[in-house]
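> Assemble chain B with the ligands onto chain P, guided by the hints.
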Amino acid sequence: MANIVRAIGDRSIRAYIDPERGTVSRELYVNDDIFAQELEQIYQRCWLLLGHESQIPNPGDFVVTRMGTEEVLMVRDRKDHKIRAFLNSCRHRGMKVCRYDEGNTLVFTCPYHAWTYDTKGKLVGVGFGNYANAYTDTLPTGSEEWGLVEVGQICNFYGSIWATWDPKAPSFQDYLGPFAESLRHCLQSSDGEDAGLEFFTPFQRHRIPTNWKVPGFTSVTDLTHTAMTHRSAQAAGLHEDRGTGKETAKPFPQEKYAIGDHNLGHGGMCTFYDQLGVPDYANEWFEPGVDDYFRAQTERKKLLIADRIMPPHGWGGGHFAIFPAVMVDSWRIRYYHPHETGITERWSLFGVDKNAPDHVKDAVRHYAERFNGPVGFFESDDMENWNYVFPASQGATARKYDYFYRNGLGHGKYDDRLPGVVVNGSYTEEAHRARFSRWLAFMEAKSWDDLYPLNKSANHNIWPGVDGQASAKA
Amino acid sequence: MSETYNIKGQDGIQVFTDLPEGAQVTLTNGAVGTIIGNPRDGAFLEVTYSEHPDSSLVGADEFVFFNQVESAASK
Ligand code: FES
Ligand SMILES: [Fe+2]
Numbered sequence: 054m055a056n057i058v059r060a061i062g063d064r065s066i067r068a069y070i071d072p073e074r075g076t077v078s079r080e081l082y083v084n085d086d087i088f089a090q091e092l093e094q095i096y097q098r099c100w101l102l103l104g105h106e107s108q109i110p111n112p113g114d115f116v117v118t119r120m121g122t123e124e125v126l127m128v129r130d131r132k133d134h135k136i137r138a139f140l141n142s143c144r145h146r147g148m149k150v151c152r153y154d155e156g157n158t159l160v161f162t163c164p165y166h167a168w169t170y171d172t173k174g175k176l177v178g179v180g181f182g183n184y185a186n187a188y189t190d191t192l193p194t195g196s197e198e199w200g201l202v203e204v205g206q207i208c209n210f211y212g213s214i215w216a217t218w219d220p221k222a223p224s225f226q227d228y229l230g231p232f233a234e235s236l237r238h239c240l241q242s243s244d245g246e247d248a249g250l251e252f253f254t255p256f257q258r259h260r261i262p263t264n265w266k267v268p269g270f271t272s273v274t275d276l277t278h279t280a281m282t283h284r285s286a287q288a289a290g291l292h293e294d295r296g297t298g299k300e301t302a303k304p305f306p307q308e309k310y311a312i313g314d315h316n317l318g319h320g321g322m323c324t325f326y327d328q329l330g331v332p333d334y335a336n337e338w339f340e341p342g343v344d345d346y347f348r349a350q351t352e353r354k355k356l357l358i359a360d361r362i363m364p365p366h367g368w369g370g371g372h373f374a375i376f377p378a379v380m381v382d383s384w385r386i387r388y389y390h391p392h393e394t395g396i397t398e399r400w401s402l403f404g405v406d407k408n409a410p411d412h413v414k415d416a417v418r419h420y421a422e423r424f425n426g427p428v429g430f431f432e433s434d435d436m437e438n439w440n441y442v443f444p445a446s447q448g449a450t451a452r453k454y455d456y457f458y459r460n461g462l463g464h465g466k467y468d469d470r471l472p473g474v475v476v477n478g479s480y481t482e483e484a485h486r487a488r489f490s491r492w493l494a495f496m497e498a499k500s501w502d503d504l505y506p507l508n509k510s511a512n513h514n515i516w517p518g519v520d521g522q523a524s525a526k527a
Numbered sequence: 002m003s004e005t006y007n008i009k010g011q012d013g014i015q016v017f018t019d020l021p022e023g024a025q026v027t028l029t030n031g032a033v034g035t036i037i038g039n040p041r042d043g044a045f046l047e048v049t050y051s052e053h054p055d056s057s058l059v060g061a062d063e064f065v066f067f068n069q070v071e072s073a074a075s076k
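These protein sequences, in sequence, are chains P and B. Mind the numbering: the first sequence is residues 54 to 527 in our numbering, read in order. Mind the numbering: the second sequence is residues 2 to 76 in our numbering, read in order.
Looking at chain P on its own, in the form it has when it is part of the complex (with noise of 0.2 angstroms):
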């Protein structure tokens, strides 16, 4: 194993990628310690999804969830209905206070010696708590100490919920950037109303052998991969018309790109619209009367910003990502939660508009049990691919052999239309590159106080040749 100094604010790390040549070392995707630093400065820092408040509509329900390698408890509290997070860890001995991954509880009661815990994460009972020669004077049931530990900032953003264990961290929405727009146009029914979606639950799950930012970093929005990976999967039909061949759009003026945000890490695919309002409606489902609601809703929301140029976003509404390990689409969200160095769990949400009637709900569905599920393909096909790489890479042989990341390396240019934002072609990997740039900028920051938006001056780019500039000093 590569020997690395992993004191906090130590540079040494900025070794592992060479941003003239275009590469990153393989070290980055297979080394424990690398893997160690990541959980402490990105995972405990980083704004992360915890699911949509849908899962939890009532008092006292609750989900387990994950933030990095770690559960915690997302739940809505009995009295003030507000939505909370914990993490799922007694304050007595360590014990994983609650084993189911949902339901609706008065309180959490820890099944090694029954500390309990409502709703707001206070410890509100202790067992033999009442005994004068046991906690007496030593533990005050009701204090704030001893409660569940708490995330340190939480966010329902339309309906999406997100912390951060990082008090200091600056809140979602300037951590999104200009990315807040296109998130929120992703959690938008399909009449444009805002956080008009739920989730199917239970989400999908996959635990796969390989590292977490190989499905994070390498494959989210990787336009270069389709036509190959998913070859057969184009070839069985699968699609929303099931291979019946859907109408063909008319055309509705509009450029895409591939774009980075190299000081917040978020990127993917971007569209630009030339043109007011949103396009026509084709058909495009199999099952009958599917077509209907959709486009009596796209009509709806054609009223509703006619006279506006839609936000840039991702093509069809999504396809970009939110740093560190969040992939965001129209209907769908994609979230890779680091398990070990080698061990990645994924977990697919698929959404729908929440108001949408029964037999529309169905046909989503189907649909993302044909794209994903147990008998599903197209990320079936991608995790092929994941699992392969990593066994294919950690080895003392090919751990020396660094990954190229120079496809359109010089040749992004900051757009006005987003501004900060690094614009480049389609099958260029811009937004690879951003996603290393933030990375590094994690790695090597003290605190938020050195990073972007909370550091206003910061320029986190470390590849070269935007726009002419030179790549950031180090």
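Bear in mind the hints are in silico, worked out from the structure with no lab data behind them. Owing to the predicted nature of the structure, the values given are computational and were not obtained by experimental measurement. Glycine included, every Cβ here is placed at the ideal spot set by N, Cα and C. Errors might be hidden in some of the hints.
[Unchecked claim] Computed Cβ-Cβ distance ranges for the label pairs, DEER-style:
id	chain 1	residue 1	chain 2	residue 2	range
1	B	G23	P	G147	29 to 39 angstroms
2	B	V33	P	D133	21 to 31 angstroms
3	B	E22	P	K149	22 to 32 angstroms
4	B	E22	P	G205	30 to 40 angstroms
5	P	T279	B	E22	50 to 60 angstroms
[What the hints assert, rightly or not] Think about it this way: if two alpha-carbon atoms lie no more than 25 angstroms apart in a straight line, the pair counts; the simulated DMTMM-like pairs of lysine to aspartate or glutamate are:
id	chain 1	residue 1	chain 2	residue 2
6	P	K499	P	E93
7	P	K132	B	E22
8	P	K132	B	D19
Relative to chain P, chain B with the ligands alone:
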């Protein structure tokens, strides 16, 4: 007629786990309370005290552990 729940017999743990809201419990310290919540974990009950040796706790809500509960009866 109030019904007494047998929380000490062979099925006592299950009877305790199923105690309904509104039932009255007497605690080993002499306090009396009404069940306002039962998490059904077999461990705790949430009660409001109507009597308590510490009079400042009358009217207060608290979670009580099963070994504090002496007896239970419907109101
Ligand atoms: S570890 Fe939870 S009560 Fe002891
Ligand atoms: Fe034991």
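> Against this structure, judge whether each hint is valid.
Hint check results:
Between G23(B) and G147(P) the beta carbons are some 37 angstroms apart, a value that agrees with the proposed interval 29 to 39 angstroms. In this structure the supplied range 21 to 31 angstroms holds for V33(B) paired with D133(P), their Cβ-Cβ distance being about 29 angstroms. Between E22(B) and K149(P), the C-beta spacing of about 28 angstroms keeps the proposed range 22 to 32 angstroms intact. At about 36 angstroms, the CB distance of E22(B) to G205(P) agrees with the hint of 30 to 40 angstroms.
A hinted range of 50 to 60 angstroms holds for the C-beta pair T279(P) and E22(B), which are about 57 angstroms apart. A threshold of 25 angstroms between alpha carbons decides the hint, and for K499(P) with E93(P) the separation of about 11 angstroms falls inside it, so the pair holds. Our distance criterion of 25 angstroms between C-alpha atoms is met by K132(P) and E22(B), whose separation comes to about 17 angstroms. Under the criterion of a C-alpha separation no larger than 25 angstroms, the hint pairing K132(P) with D19(B) is consistent with the structure, at around 23 angstroms.
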